[in-house]
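Engineer: These are the residues of each chain, in order.
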Amino acid sequence: MKTLRLLALFALLIFSWSAKTASAQVEQIEMRVDGLACPFCAYGLEKKLKEIKGVEKVTVYVDKGLVALKSRKEGSIMIDRLEPVVKDAGFTPGEIKLIAVGKIGQLQGAPMFQVSGPEMAFVIKNDAQYEKLRAELNGMDKLVRVTGRLAQETPQGHHAHPHTLTIQEHIIK
Amino acid sequence: MRNQLIAILFAAMGLSLAASDSLAQGPPINTDSPILLGISGKAVRTFGKVVRLNTLLQDGKEIADPMSRAVTVWAQPLALPYNFTDDFQVAAILPYVNASLNTRGPNFSSSGLADIQFFAKYAFYKRDRKNETFRVAGRVNVKLPTGNEQKTPALGTGSTDYTFSAVAGWIKHRVGVYVEGGYALNTSNRGVNYGNGAVYNLALGYRLLPKVYEKYPSPQLNGFLEINGATAARNKANGVADANSGGTSIFLSPGLQYVGGRLWLVEASFQYPLLDEPNGLQLGTAWTASLGLRLLLY
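So the protein lines, in turn, are chains U and V.
Every letter in the first sequence is one number past the one before it in the working numbering, and letter 64, counting from 1, is 64.
Every letter in the second sequence is one number past the one before it in the working numbering, and letter 129, counting from 1, is 302.
FYI, nobody ran anything at the bench for these hints, they're computed from the structure.
Computed from a prediction, not measured in an experiment: that's the story for all the values here.
We treat Cβ as the ideally placed atom computed from N, Cα and C, and that holds for glycine.
Check before you lean on any hint, since a few could be wrong.
With a Cα cut of at most 20 Å, we get these calculated EDC-like pairs of lysine to aspartate or glutamate [as the list claims (entries may be wrong)]:
hint : chain 1 : residue 1 : chain 2 : residue 2
1    : V       : K388      : U       : D63
2    : U       : K125      : U       : E136
3    : U       : K97       : U       : D34
4    : V       : K345      : U       : D34
5    : U       : K57       : U       : E83
6    : U       : K57       : V       : E387
7    : V       : K388      : U       : D34
8    : V       : K303      : U       : E30
9    : V       : K303      : U       : E95
10   : U       : K53       : U       : E83
11   : U       : K47       : V       : D260
12   : U       : K50       : U       : E83
13   : V       : K345      : U       : D63
Going by beta-carbon spacing under 10 Å, a handful of chain U positions derived as facing chain V [to be verified]:
hint : residue
14   : V33
15   : G35
16   : L36
17   : C38
18   : P39
19   : Y43
20   : K47
21   : F91
Could you build all of it, start to finish, from the sequences and the hints given here?
Structural biologist: The structure is reproduced here in structure tokens:
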């Protein structure tokens, strides 16, 4: 019963966030791809990444071992699809860096960065950079553009989250 | 004369089938690859290979040939791969062969579809790092007796043969190293039990251009230096070994490969025998030359 109530609260939070953050989106993603040593192998990777919803442009940087994805003007890149797609293409996914616009909130005591839709909520790593942003926002409900990296981490008192966002830079819009 | 002819023709066919095998490989040119991605896996390939045998050898030593025999085989296989996943591939190889035997006396020639092959390859190990990959694959190859064995020269052995092989490949930045080893399990036809064999290949690849590969796709020129070897046991007829069959050949194979974009590459290779020791009296290989094209299918 308690779980049901929590789920309902979570859904309500997501809905209200989504309604308020229509212009929020993941604008760009840079993902490390290991095994990208043979350029003639990259065709399938590029093709499959282009098929991800929200992706407008894919650039494969072979020497850097990176792929860069730019999102369409409307809609976000479905980040949850990245790792399975890279694995399906025969490579090993690595760290994800992103530039995204969204809002800061909290869920069950954990700081969250909400972009759009339930799959676009990231747990924020509660560090000095986040505290600085929170202080600058001072409770204001404003859009924020953040640059950060995503990784699987386990915030204190919570389960492991595949997309924990470590904010590196931010601009309050 | 008839026995010698068959020995020569089988030697030539063996080499042409080796050419078909090499066709089913990703880069490098004459050695298999464990990487089943992009042009290295999903491309339809054709690979023209010309094999010239014109030196008569007795236990590996050149002797005068009063008949001045020379065999030229042109094999043009077409390989059609299908990837179920990015680590499991099946393929069919349809080889067209034109073979001629010229002597001071009569000349012979034949052409047509040779022995069709099918193979399945599975990449069972992968370790990826930044700009580096190490993969290992296993492969089972089946050769069916579809080539006309009654023609002179014969276009097939008339036997169903199997090859079990493993290949490991390591690529880091501009360098690639591939090692392949396999066992050929051959069956019989018309009372002749073809000798089993081994194949062993080593390939070193180097990206000559560009020095730094920034964005995909960019034109790319690769150089390869390979060592390609095969050893076969003697054939047996009614339990008696044919002295003029089987042996060992090891080739040094330099090659160049140009990747023009997302969808195609061309490649050329020349093979010079480092060691050519067929058993008994057989023709030795003077050289082989190949020119190939791969087009990405899907």
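Engineer: Take the C-alpha atoms of K47 (chain U) and D260 (chain V), compute the straight-line distance between them, and say whether it is at most 20 Å.
Structural biologist: Holds: K47 (chain U) and D260 (chain V) sit about 17 Å apart, inside 20 Å.
Engineer: Given the hint that K50 (chain U) pairs with E83 (chain U), does the C-alpha gap stay at or below 20 Å?
Structural biologist: Roughly 14 Å between the alpha carbons, so the hint for K50 (chain U) and E83 (chain U) holds.
Engineer: Does G35 (chain U) pass the interface check with chain V, least Cβ-Cβ distance below 10 Å?
Structural biologist: holds, 3 Å
Engineer: Verify the interface restraint on Y43 (chain U): the C-beta must sit less than 10 Å from at least one C-beta of chain V.
Structural biologist: Result: holds, 4 Å to nearest chain V Cβ.
Engineer: Keeping to a limit of 20 Å between CA atoms, is the pair of K125 (chain U) and E136 (chain U) held or broken?
Structural biologist: Satisfied, since the Cα-Cα distance of roughly 17 Å is no more than 20 Å.
Engineer: Keeping to a limit of 20 Å between CA atoms, is the pair of K388 (chain V) and D63 (chain U) held or broken?
Structural biologist: Given pair K388 (chain V), D63 (chain U) holds - Cα atoms ~8 Å apart, limit 20 Å.
Engineer: Using the nearest Cβ pair, does V33 (chain U) come within less than 10 Å of chain V?
Structural biologist: This interface hint holds because 8 Å falls under the 10 Å limit.
Engineer: Given F91 (chain U) was flagged as interface, is its beta-carbon under 10 Å from a beta-carbon of chain V?
Structural biologist: holds, 6 Å
Engineer: Going by Cβ atoms only, is C38 (chain U) closer than 10 Å to chain V?
Structural biologist: With a minimum Cβ separation of about 5 Å from chain V (threshold 10 Å), the hint on C38 (chain U) holds.
Engineer: Tell me if the interface restraint on P39 (chain U) is satisfied: Cβ within less than 10 Å of some Cβ in chain V.
Structural biologist: holds, 5 Å
Engineer: Going by Cβ atoms only, is K47 (chain U) closer than 10 Å to chain V?
Structural biologist: With a closest approach of 9 Å, the K47 (chain U) hint holds.
Engineer: Could you grab the alpha-carbon distance between K345 (chain V) and D34 (chain U) and see if it respects the 20 Å cut-off?
Structural biologist: Holds, at about 11 Å.
Comparing the model with each earlier hint shows no violations; every hint is respected.
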